[in-house]
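Asks: Residues per chain, in single letters:
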Amino acid sequence: MSLPAGLWLLLLFVIPLFMMLSMSLKTCSPASGACTMTWSWGELPHVVNQYRAQFVTSLEFAAIATLIDLVISYPIAYWIAFYGGRKKNFFLIMLLVPFFVSFVIRTLVWQFILSDNGFFISFLQNHHLVSQNFHVLGTGFAVIAGLAYNYLPFTALPLYVALERIDRRVLDAAYDLYANRRNAFLRVIVPLSIPGVFAAFLLTFIPAFGDYVNQEILGGTANTMIGTVIQDLFLATSDYAGGASLSIVLLAISLVGIWFYARVLGSRSIEEYL
Amino acid sequence: MSLSASEIAAKRVKKRHFGRLILPTYSWLVIAYLVFPIAVMIIYSFNKVHAGLQMVSFAWNGATLQWYHEWSNLPGLTASFWLSIKLGIVSTLIATVLGTLLAIALVRYRPPQFRGKTIVEQVLFTNIAAPEIVMGASLLGVFVTYNIARGFLTLVLAHVMFSVAYVTVTVRARLAGFDRALEEAAYDLGAKPMSTFRLVTLPLIMPGVLAGALMAFALSIDDFVTSNFVSGTNAPFPVYIYGATRVGTPPQVFVFGTAIFVVGIGLAIASLFLTKKD
Numbered sequence: 001m002s003l004p005a006g007l008w009l010l011l012l013f014v015i016p017l018f019m020m021l022s023m024s025l026k027t028c029s030p031a032s033g034a035c036t037m038t039w040s041w042g043e044l045p046h047v048v049n050q051y052r053a054q055f056v057t058s059l060e061f062a063a064i065a066t067l068i069d070l071v072i073s074y075p076i077a078y079w080i081a082f083y084g085g086r087k088k089n090f091f092l093i094m095l096l097v098p099f100f101v102s103f104v105i106r107t108l109v110w111q112f113i114l115s116d117n118g119f120f121i122s123f124l125q126n127h128h129l130v131s132q133n134f135h136v137l138g139t140g141f142a143v144i145a146g147l148a149y150n151y152l153p154f155t156a157l158p159l160y161v162a163l164e165r166i167d168r169r170v171l172d173a174a175y176d177l178y179a180n181r182r183n184a185f186l187r188v189i190v191p192l193s194i195p196g197v198f199a200a201f202l203l204t205f206i207p208a209f210g211d212y213v214n215q216e217i218l219g220g221t222a223n224t225m226i227g228t229v230i231q232d233l234f235l236a237t238s239d240y241a242g243g244a245s246l247s248i249v250l251l252a253i254s255l256v257g258i259w260f261y262a263r264v265l266g267s268r269s270i271e272e273y274l
Numbered sequence: 001m002s003l004s005a006s007e008i009a010a011k012r013v014k015k016r017h018f019g020r021l022i023l024p025t026y027s028w029l030v031i032a033y034l035v036f037p038i039a040v041m042i043i044y045s046f047n048k049v050h051a052g053l054q055m056v057s058f059a060w061n062g063a064t065l066q067w068y069h070e071w072s073n074l075p076g077l078t079a080s081f082w083l084s085i086k087l088g089i090v091s092t093l094i095a096t097v098l099g100t101l102l103a104i105a106l107v108r109y110r111p112p113q114f115r116g117k118t119i120v121e122q123v124l125f126t127n128i129a130a131p132e133i134v135m136g137a138s139l140l141g142v143f144v145t146y147n148i149a150r151g152f153l154t155l156v157l158a159h160v161m162f163s164v165a166y167v168t169v170t171v172r173a174r175l176a177g178f179d180r181a182l183e184e185a186a187y188d189l190g191a192k193p194m195s196t197f198r199l200v201t202l203p204l205i206m207p208g209v210l211a212g213a214l215m216a217f218a219l220s221i222d223d224f225v226t227s228n229f230v231s232g233t234n235a236p237f238p239v240y241i242y243g244a245t246r247v248g249t250p251p252q253v254f255v256f257g258t259a260i261f262v263v264g265i266g267l268a269i270a271s272l273f274l275t276k277k278d
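If you read the protein sequences in the order shown, they are chains A and B.
Quick note: the first sequence, position 237, residue 237 per the numbering used here, numbers continuous.
Quick note: the second sequence, position 231, residue 231 per the numbering used here, numbers continuous.
To be clear, the hints were calculated from the coordinates, so they are not data collected in a lab.
Just so you know, nobody snuck in bad clues.
Not everything, but these chain A residues come out facing chain B in the computed CB check (under 7 Å):
1. A5
2. M20
3. I76
4. P98
5. I258
Please read all numbers here as calculations on a predicted model, not as lab measurements.
Even for Gly, the Cβ is constructed at its ideal location relative to N, Cα and C.
Produce the complete structure using the sequences and hints provided.
Replies: In structure tokens form, the structure reads like this:
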């Protein structure tokens, strides 16, 4: 029963990943494009060094966007979980509302909104809040804004699941022991939601880290992220060995994050928050 | 030091304000932020465009239904949309069947009968957690190595690959509370395994299967990253838009975006009402 799906994943997910690993251990000649297996693990640190700036940019943008999302989402997730009442499902759909518009289209809409003659910039300029040659599009701010918007549901939902799952009797116990609301929140609710916070962090950070759509549409040619480099290496310059090495590094970073999560917050699997 | 009754009352009002006033206001502001770009998209899908350049612009030139009448005027855009719908239906059907079978196997069987269960679970999880660009790039590597021409087939292979794990997880969650006694009752009444599955098991897990299928379809229709790697000359909708809008966005893109949004949100709200009736 598990065979068809298992085979599908083996042939199209597991084997390709291993082939990519082996590709990253090969050396390719740029002239002929022919690759030979040299078992050179040296390519991995080499590409990391070569694209250090892009790695740092991706790390920065993804981390800032994820932190913004955590700060924005926590109160609303808390509100829906504890005060949502019978309208919980409606509010959850509202949280998911960006997902009902194609990813590429909603990024294009942000490009439209943030463009130099768009109303966001015009508004700021008309009120003399910024100078006339101020612009957002093509800067890191636009990329971070796009990442934060696009991945917010990935943060809000795990937070909601974590908060929703808190046993209300634990909270009652805190009140019975004369905790005031502030202490009940800080010393009961927040600690119990920590696994959810980390799950939300990973589920937002990993896709944001590898994202290149926001960077290409909103960031212009500056502030290149690592996803853009990988895409270009594969699709524009056909440097498969380099692209494969970078992909392996990206995958390794994600898996280390998940492994770390499993070790530290052990008993509960990140899967529960999906 | 004790507080007077009125001070206590004042404090209570303040606390109640946080739950009743500040938090809801804040939450509605977040919702407004989430809805804002969608509203912009819908409004500007009705904006007139200056003659000549058929691109959306900020200047409001008056409302028009022109782009809804001319929704299919860009042949490439329309073709890519139908390709995406076809791709979504085919890959959803396959992923739902495979994912449901795998979910049943994962819930029912343990290592003696189901060897490698832990590995399968780990593969599923890695599949969901891995950055999409890595999956897309590795698939491209395979297709190039084995000279598999990129087109509809490679798209289906890829889309089933990234949605089957989501279907499995969704169906498995539904199966967790499944009462095996109902199946045993069917067997006791002389039902064969196939008819038990069809008449007892499947109807009971149907909500989970449908939720998984919806998820697979949504993932497929929205996918850009993987599709960008594995599509040939006929690009699905998101890939086509991405390529076609580098110089400006034709208004039809907003029309399609609005249509997809209305259908999607309509389905979601309908399912909300349907589950309430249960």
